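Colleague: The lines below spell out each chain.
There are 2 protein chains.
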Amino acid sequence: MPLIHRMAVVGVGLIGGSLARVLREKNGVEEIVGIGRTEKNLRKAVELGVIDSYCQDPREGVKGADLVFLATPVCSITRIVADIAPFLSPGCIVTDGGSVKGMIVSACESLMPEGTFFVGAHPIAGTEKSGVDASFSTLYSDKRCIITPTPETDKDALEKVVNMWTVAGSQVVLMDAEKHDRIVAAISHLPHMVAYSLVNAVGGYDRYDENILKYSAGGFRDFTRIASSDPVMWRDIALLNRDAILETMDLYIECFSQLRALVEKEDGPGLEDFFARSKQSRDAII
Amino acid sequence: MPLIHRMAVVGVGLIGGSLARVLREKNGVEEIVGIGRTEKNLRKAVELGVIDSYCQDPREGVKGADLVFLATPVCSITRIVADIAPFLSPGCIVTDGGSVKGMIVSACESLMPEGTFFVGAHPIAGTEKSGVDASFSTLYSDKRCIITPTPETDKDALEKVVNMWTVAGSQVVLMDAEKHDRIVAAISHLPHMVAYSLVNAVGGYDRYDENILKYSAGGFRDFTRIASSDPVMWRDIALLNRDAILETMDLYIECFSQLRALVEKEDGPGLEDFFARSKQSRDAII
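Just so you know, the sequences run in chain order A and B. Quick note, this note's numbering runs 1327 ahead of the 1-based positions in the first sequence. Quick note, this note's numbering runs 1327 ahead of the 1-based positions in the second sequence.
Careful: at least some of the hints might be erroneous.
One copy or two, either will do: identical chains are not told apart, so a pair holds if it fits within one copy or between any two.
Lysine to any residue pairs mimicking SDA-like chemistry, simulated, CA-CA at most 20 Å apart [unchecked claim]: (1) Lys-1367 with Glu-1599; (2) Lys-1606 with Gly-1546; (3) Lys-1592 with Ser-1608; (4) Lys-1487 with Asp-1577; (5) Lys-1470 with Gly-1545; (6) Lys-1487 with Ser-1416; (7) Lys-1390 with Thr-1454; (8) Lys-1470 with Glu-1537; (9) Lys-1606 with Asp-1549; (10) Lys-1541 with Glu-1505; (11) Lys-1592 with Ile-1580; (12) Lys-1592 with Glu-1574; (13) Lys-1506 with Arg-1351; (14) Lys-1371 with Ala-1434.
Note that these hints are calculated values from the structure, not bench results. All figures in this text were calculated on a predicted structure; none of them were measured in a lab.
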């Protein structure tokens, strides 16, 4: 018996499409309804066999589903839950893939009608591409998926979401939502803040009458690749995970200022030690 | 008639080996002597046909050379010039490939005996690898090579170095050494300071009893790749290009603090604009 009978995937792109593909491949689901705004993308998803049918109205699309997966931009998750809540079937589990959890989980939990359940999750996987064309069934294979239950979380609903991600090939980690947000702030949100600032700093360097970015070589391009990410998505993440991001930004400013002081003092042994510590940490995670 | 009769390459690794290979391929040189400390590497370079012969004593190796190319770590260039200066043949041109120019060019110029010439250069090219095994003749193809003449630079010597890099396939740009150092500080040295600091900040995040780097995914690893660079080399660069690096670090702190203020104020439009400006600059250099 499949884990899920009727699954509604809201947002059939890289994240939603890849989960649909792998659950289908592993016989984890009987029927998949895709929900989204762009009919062309939804039609494509049917053609590719990623979903069975589609619906552009989320309220209509979630009817009869025993599991709803929200794979939309992080800022829209709470709004969509508010929208679909009255139309959920009894026992339905709603779960998401958003990269911020604290604010989303507490807001969504409070929106769920009696007898329906919300479970927050964040699969740490992705590529540069988007859209259902970019989705593939091994996206989550051996990647961590952090699931963030609260004291309110229904045990059976949690178990089902854990099983779903395990079937998808993920290594499931259960974690407090606040801890999740602080860790993701450090390993993902902070690097984006750092990269966006670096490009703006170098792009704004106006000592010479020319754009010095033209002298940049491959290293700079690789390093700043993440500064090409979607500005609207990152605006939303910065708003939703403000406190944790501020904490890591302050920690970063402290480290960067230490390094600045070493450069200013021409402290050779201190500089070597600073760089060597960093290299050691970096090399340990390759 | 080849551009160079007898060329001495001090440091037969990626940089020195690749220049030797391409000049030989283009018949730009008659004879190449490799100079280095590690006999095994030099023997390998002879076997690979990168050099004709080798010598472990730089003073001996430069005898009779009409061009000496210094492809050693940036901190050793001035010392080597001081060492070889009394042994140079009349008319000999000494040039380098170091990534810092101001201090090196002025020190080396003053060390050159009457009738011999120093020309500073910096080919903006490289890979993660090192050693003569990693060298290849197209390393400099279509890459910029910045040459930094001073009012003292001999015109014929400059022309010969420009021609050498043109034969190697580079796009030669002439630039004041100070301007070079400031531009390279912004596009290369600053990103390294930023990346080393990021890894130390995240590695030092101690709110939880575990190393949170283990949750990092591919994005973090790619972004911090340059923090695996050689700590000794970067110590030397930070010492040699101190003023320009401090200037760009201050510019960076200003940008990063602007972003921190936007996050703190929850300024949605300001955040979107900050990220969009960065994305636009970044996308323009792909």
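Colleague: With reference to the structure, classify each hint as holding or not holding.
Modeller: Here's how the hints hold up against the structure:
Taking the shortest Cα distances, Lys-1367 and Glu-1599 never come within 20 Å of each other, neither inside one copy (55 Å) nor across copies (28 Å). Taking the shortest Cα distances, Lys-1606 and Gly-1546 sit within 20 Å of each other both inside one copy (17 Å) and across copies (17 Å). For the homomeric pair Lys-1592 and Ser-1608, neither the shortest alpha-carbon distance inside one copy (25 Å) nor that between copies (33 Å) is at most 20 Å. Proximity of Lys-1487 and Asp-1577 under a CA criterion of 20 Å is satisfied in neither setting, with 38 Å inside one chain copy and 51 Å between copies.
Proximity of Lys-1470 and Gly-1545 under a CA criterion of 20 Å is satisfied inter-copy only: 10 Å between copies versus 28 Å inside one chain copy. Taking CA atoms no more than 20 Å apart as the test, Lys-1487 paired with Ser-1416 passes inside one copy only; the shortest distance there is 16 Å, against 80 Å between copies. For the homomeric pair Lys-1390 and Thr-1454, neither the shortest alpha-carbon distance inside one copy (31 Å) nor that between copies (55 Å) is at most 20 Å. Proximity of Lys-1470 and Glu-1537 under a CA criterion of 20 Å is satisfied inter-copy only: 19 Å between copies versus 44 Å inside one chain copy.
For a Cα distance limit of 20 Å, the shortest separation of Lys-1606 from Asp-1549 qualifies both inside one copy, at 18 Å, and across copies, at 13 Å. In this homomeric assembly, Lys-1541 and Glu-1505 come within 20 Å of each other (Cα to Cα) only across copies, at 18 Å, whereas the closest approach inside a single copy is 42 Å. Taking the shortest Cα distances, Lys-1592 and Ile-1580 sit within 20 Å of each other both inside one copy (18 Å) and across copies (18 Å). Taking CA atoms no more than 20 Å apart as the test, Lys-1592 paired with Glu-1574 passes between copies only; the shortest distance there is 14 Å, against 27 Å inside one copy.
Proximity of Lys-1506 to Arg-1351 under the C-alpha cut-off of 20 Å is found in neither arrangement, the shortest distances being 32 Å within a copy and 59 Å between copies. With identical chains, the CA atoms of Lys-1371 and Ala-1434 are never at most 20 Å apart, being 33 Å at best within one copy and 66 Å at best between copies.
When each numbered hint is compared with the structure, violations occur for hints 1, 3, 4, 7, 13 and 14.
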